[in-house]
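Protein sequence lines, in the order shown, are assigned to chains A and B.
Okay, so the first sequence: first residue is 6 according to our numbering, each after it adds one.
Okay, so the second sequence: first residue is 4 according to our numbering, each after it adds one.
Mixed in with the good hints, there may be bad ones.
To be verified - Restraint ranges, calculated between C-beta atoms of paired labels, are given here:
#: 1; chain 1: B; residue 1: 90; chain 2: A; residue 2: 86; range: 53 to 61 Å
#: 2; chain 1: A; residue 1: 74; chain 2: B; residue 2: 128; range: 30 to 38 Å
#: 3; chain 1: A; residue 1: 85; chain 2: B; residue 2: 109; range: 25 to 33 Å
#: 4; chain 1: B; residue 1: 31; chain 2: A; residue 2: 108; range: 57 to 65 Å
#: 5; chain 1: A; residue 1: 68; chain 2: B; residue 2: 137; range: 52 to 60 Å
#: 6; chain 1: B; residue 1: 109; chain 2: A; residue 2: 105; range: 29 to 37 Å
To be verified - Calculated lysine to any residue pairs in the SDA-like style (CA-CA distance at most 20 Å, straight line):
#: 7; chain 1: A; residue 1: 94; chain 2: B; residue 2: 110
#: 8; chain 1: B; residue 1: 111; chain 2: A; residue 2: 186
#: 9; chain 1: A; residue 1: 174; chain 2: B; residue 2: 200
#: 10; chain 1: B; residue 1: 111; chain 2: A; residue 2: 77
#: 11; chain 1: A; residue 1: 75; chain 2: B; residue 2: 183
#: 12; chain 1: A; residue 1: 74; chain 2: B; residue 2: 104
#: 13; chain 1: B; residue 1: 111; chain 2: A; residue 2: 72
#: 14; chain 1: B; residue 1: 212; chain 2: B; residue 2: 142
#: 15; chain 1: A; residue 1: 170; chain 2: B; residue 2: 174
#: 16; chain 1: A; residue 1: 174; chain 2: B; residue 2: 197
#: 17; chain 1: B; residue 1: 111; chain 2: A; residue 2: 189
#: 18; chain 1: A; residue 1: 75; chain 2: B; residue 2: 114
#: 19; chain 1: B; residue 1: 111; chain 2: A; residue 2: 145
#: 20; chain 1: A; residue 1: 74; chain 2: B; residue 2: 197
#: 21; chain 1: A; residue 1: 74; chain 2: B; residue 2: 108
#: 22; chain 1: B; residue 1: 157; chain 2: B; residue 2: 206
#: 23; chain 1: A; residue 1: 174; chain 2: B; residue 2: 207
#: 24; chain 1: B; residue 1: 111; chain 2: A; residue 2: 48
#: 25; chain 1: A; residue 1: 75; chain 2: B; residue 2: 157
Claimed, not checked - A few chain A positions that, by computed beta-carbon distances, are all more than 12 Å from chain B:
#: 26; residue: 16
#: 27; residue: 70
#: 28; residue: 139
It is worth saying that the hints were derived from the structure and are not from the lab.
Ideal Cβ placement from N, Cα and C applies to all residues, glycine included.
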Amino acid sequence: MQVGNSVIIHKSPIIQQGLKNILLSRNIGISDVMASLPDYDILREWNDLLLLVDIQLANEIKNNIKVLKKNGNTIIGIETHLADKDSDKNFDEIININDQTDIIAIKINDYIVRVADKKSNNQLSAREIELLTMVAQGLSNKQIADQLFISIHTVITHRKNITSKLGIKSISGLTLYAALNNMIVLH
Amino acid sequence: MITEHDKLSDVIGRNIDLLPIIHRLGLSSNIGGRNIGDICSQNAADVNFVLIILNTYSSDNYFPKPDDLELKPLIDFLTQTHTYHKQVTIPRLNGFVQQLKQNMPDEKLLLVIEEYLNQYIKKLIQHIDFEEKDIFPLVNKKKMVDEKPVNIKKLFRQHTNVENEISDLKTIIIRHIPQNANMDLIHDLLHTLAHFEKEQLDHARFEDKILISKLLKLLSN
Numbered sequence: 006m007q008v009g010n011s012v013i014i015h016k017s018p019i020i021q022q023g024l025k026n027i028l029l030s031r032n033i034g035i036s037d038v039m040a041s042l043p044d045y046d047i048l049r050e051w052n053d054l055l056l057l058v059d060i061q062l063a064n065e066i067k068n069n070i071k072v073l074k075k076n077g078n079t080i081i082g083i084e085t086h087l088a089d090k091d092s093d094k095n096f097d098e099i100i101n102i103n104d105q106t107d108i109i110a111i112k113i114n115d116y117i118v119r120v121a122d123k124k125s126n127n128q129l130s131a132r133e134i135e136l137l138t139m140v141a142q143g144l145s146n147k148q149i150a151d152q153l154f155i156s157i158h159t160v161i162t163h164r165k166n167i168t169s170k171l172g173i174k175s176i177s178g179l180t181l182y183a184a185l186n187n188m189i190v191l192h
Numbered sequence: 004m005i006t007e008h009d010k011l012s013d014v015i016g017r018n019i020d021l022l023p024i025i026h027r028l029g030l031s032s033n034i035g036g037r038n039i040g041d042i043c044s045q046n047a048a049d050v051n052f053v054l055i056i057l058n059t060y061s062s063d064n065y066f067p068k069p070d071d072l073e074l075k076p077l078i079d080f081l082t083q084t085h086t087y088h089k090q091v092t093i094p095r096l097n098g099f100v101q102q103l104k105q106n107m108p109d110e111k112l113l114l115v116i117e118e119y120l121n122q123y124i125k126k127l128i129q130h131i132d133f134e135e136k137d138i139f140p141l142v143n144k145k146k147m148v149d150e151k152p153v154n155i156k157k158l159f160r161q162h163t164n165v166e167n168e169i170s171d172l173k174t175i176i177i178r179h180i181p182q183n184a185n186m187d188l189i190h191d192l193l194h195t196l197a198h199f200e201k202e203q204l205d206h207a208r209f210e211d212k213i214l215i216s217k218l219l220k221l222l223s224n
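Modelling step: build the complete structure from the supplied sequences, incorporating the hints.
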């Protein structure tokens with residue numbers, strides 16, 4: 006079973022392929038492989054990803070660190086020289102080209118644990134997430150029912166299920182949960 | 004069950020959280036080794052009322068009969084509790100969040116909690132104002148006015164929200180403690196929230212179960 010998703014950002018095809026093999030052996034999905042950081046419009050859509058980035062791109066990472074961290078991404082620097090120690094605090098972890106597989110596994114383990122936790126806490130169905138987003142946006146049961154073409158009764162049933170799954174009762178609490186999980190943006 | 008023969012210092016020793024409540028009753032200084040009955044007579048406090056408050060806050064199973072309680076001291080006590088939350092609890096909660104933010108200014112959890120608390124405080128203050136302006140003064144009225152049952156329904160509804168929102172905030176913080184957070188501060192914040200939640204529940208029990216039934220009785224006579 007796949008645990009989470011990653012993006013590899015490194016210009017060396019050898020490193021790209023090596024990282025791919027390691028990620029696949031740990032059941033981490035690979036959503037993209039690229040040579041440099043993409044435009045802001047693309048990277049601001051990245052959520053809860055494991056980013057494996059050439060540490061030579063530390064400056065580009067630094068410029069976008071706020072949005073990358075805000076969206077729950079884990080950033081691991083890939084170091085291909087021996088001398089680059091204490092290179093950057095924006096990286097959660099640094100993988101060195103000489104690290105053995107077991108060391109690399111430990112370094113990406115934090116990410117796996119975090120994604121797994123998120124999944125087990127958040128067993129909402131796609132429909133429930135849709136509905137929760139609308140509740141968090143302040144829509145009434147009637148408005149939600151109209152927009153989703155379902156009855157108010159069904160809306161109430163969904164809401165009861167969401168509350169019992171999350172253990173959160175108030176609309177403010179649900180809104181906070183939705184904001185923390187990037188379903189809505191708080192102003 | 005706490006009685007007038009218990010030493011107040013023992014009662015506090017068993018449950019430190021009673022201290023701010025005893026303070027609100029005006030009985031927190033020069034306690035010595037004296038029992039509750041003596042302390043109340045020295046301070047001209049109504050011992051029955053004090054025992055009812057202390058027992059309600061120390062045991063979820065204890066519940067006073069409405070007839071045992073005088074309205075006037077109850078309302079004074081509830082008003083003092085409001086003042087305490089406005090002047091102590093809320094600034095304290097805000098302080099913890101600001102301290103946590105100093106170490107991790109970009110942490111999303113703290114940014115959303117801060118916004119949540121701001122909204123909550125606005126609602127709580129509105130709720131307190133509503134009680135103090137629309138509900139408590141009913142004690143001095145002789146007759147029920149038409150709109151009042153609506154107000155009383157509104158009071159119940161607001162209480163449920165006020166309690167749930169604090170309990171939800173606690174749940175969300177526990178589930179999202181950031182990796183590098185100052186754990187002492189998080190613990191203090193959660194402790195204050197838990198204490199506040201418990202106080203809100205007891206406060207609402209007084210208002211929903213006792214104050215309202217006494218008010219309705221008073222106004223229908």
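Here is what the structure says about each hint:
Roughly 58 Å separates the CB atoms of residue 90 of chain B and residue 86 of chain A, a value that falls within the hinted 53 to 61 Å. Range check, residue 74 of chain A to residue 128 of chain B: Cβ separation about 34 Å, and the 30 to 38 Å hint holds. Between residue 85 of chain A and residue 109 of chain B the C-beta distance comes to about 29 Å, which sits within the given range of 25 to 33 Å. A beta carbon spacing of about 58 Å between residue 31 of chain B and residue 108 of chain A agrees with the range 57 to 65 Å that was offered as a hint.
Between residue 68 of chain A and residue 137 of chain B the C-beta distance comes to about 54 Å, which sits within the given range of 52 to 60 Å. Restraint check, residue 109 of chain B to residue 105 of chain A: a C-beta distance of roughly 34 Å satisfies the suggested window 29 to 37 Å. Annotation: proposed proximity of residue 94 of chain A to residue 110 of chain B holds, straight-line Cα distance about 15 Å (limit 20 Å). Note on residue 111 of chain B and residue 186 of chain A: the hinted pairing holds, with a Cα-Cα distance of about 10 Å set against a maximum of 20 Å.
Between residue 174 of chain A and residue 200 of chain B, the direct Cα distance comes to roughly 14 Å. Compliance with the 20 Å bound is thereby established for this hinted pair. With a CA separation close to 9 Å, the supplied pair residue 111 of chain B and residue 77 of chain A stays within the 20 Å bound. Restraint check for residue 75 of chain A and residue 183 of chain B: the C-alpha separation of about 15 Å stays at or below 20 Å, so the hint holds. Taking the CA atoms of residue 74 of chain A and residue 104 of chain B, the gap is near 15 Å; set against the 20 Å cutoff, the hint holds.
Under the criterion of a C-alpha separation no larger than 20 Å, the hint pairing residue 111 of chain B with residue 72 of chain A is consistent with the structure, at around 10 Å. Simply put, residue 212 of chain B and residue 142 of chain B have alpha-carbon atoms about 16 Å apart, close enough for the 20 Å limit, and the pair holds. As the CA atoms of residue 170 of chain A and residue 174 of chain B are separated by approximately 13 Å, the hinted pair is consistent with the 20 Å bound. Annotation: proposed proximity of residue 174 of chain A to residue 197 of chain B holds, straight-line Cα distance about 16 Å (limit 20 Å).
A hinted pair counts as satisfied when its Cα atoms are at most 20 Å apart, and residue 111 of chain B with residue 189 of chain A qualifies at roughly 13 Å. Restraint check: the Cα-Cα separation between residue 75 of chain A and residue 114 of chain B comes to about 10 Å, which is no more than 20 Å; the hinted pair holds. Taking the CA atoms of residue 111 of chain B and residue 145 of chain A, the gap is about 27 Å. The hint is violated against a cut of 20 Å. Distance check on the hinted pair: residue 74 of chain A and residue 197 of chain B sit about 30 Å apart at the alpha-carbon level, beyond 20 Å; violated.
With a C-alpha separation of about 12 Å, the suggested pair residue 74 of chain A and residue 108 of chain B falls inside the 20 Å cut-off, and the hint holds. Between residue 157 of chain B and residue 206 of chain B the alpha-carbon distance is near 16 Å, which keeps this suggested pair within the 20 Å criterion. Of the pairs offered as hints, the one joining residue 174 of chain A and residue 207 of chain B holds, with about 17 Å between alpha carbons and a cut-off of 20 Å not exceeded. The suggested pairing of residue 111 of chain B with residue 48 of chain A holds, with an alpha-carbon distance near 18 Å, which does not exceed 20 Å.
Between residue 75 of chain A and residue 157 of chain B the CA atoms are separated by roughly 38 Å; this puts the pair beyond 20 Å, and the hint is violated. Every Cβ of chain B is farther than 12 Å from the Cβ of residue 16 of chain A; the closest lies at roughly 29 Å, confirming the non-interface assignment. For residue 70 of chain A, the requirement that its beta carbon stay farther than 12 Å from each beta carbon of chain B is not met, with the minimum near 8 Å. Every Cβ of chain B is farther than 12 Å from the Cβ of residue 139 of chain A; the closest lies at roughly 18 Å, confirming the non-interface assignment.
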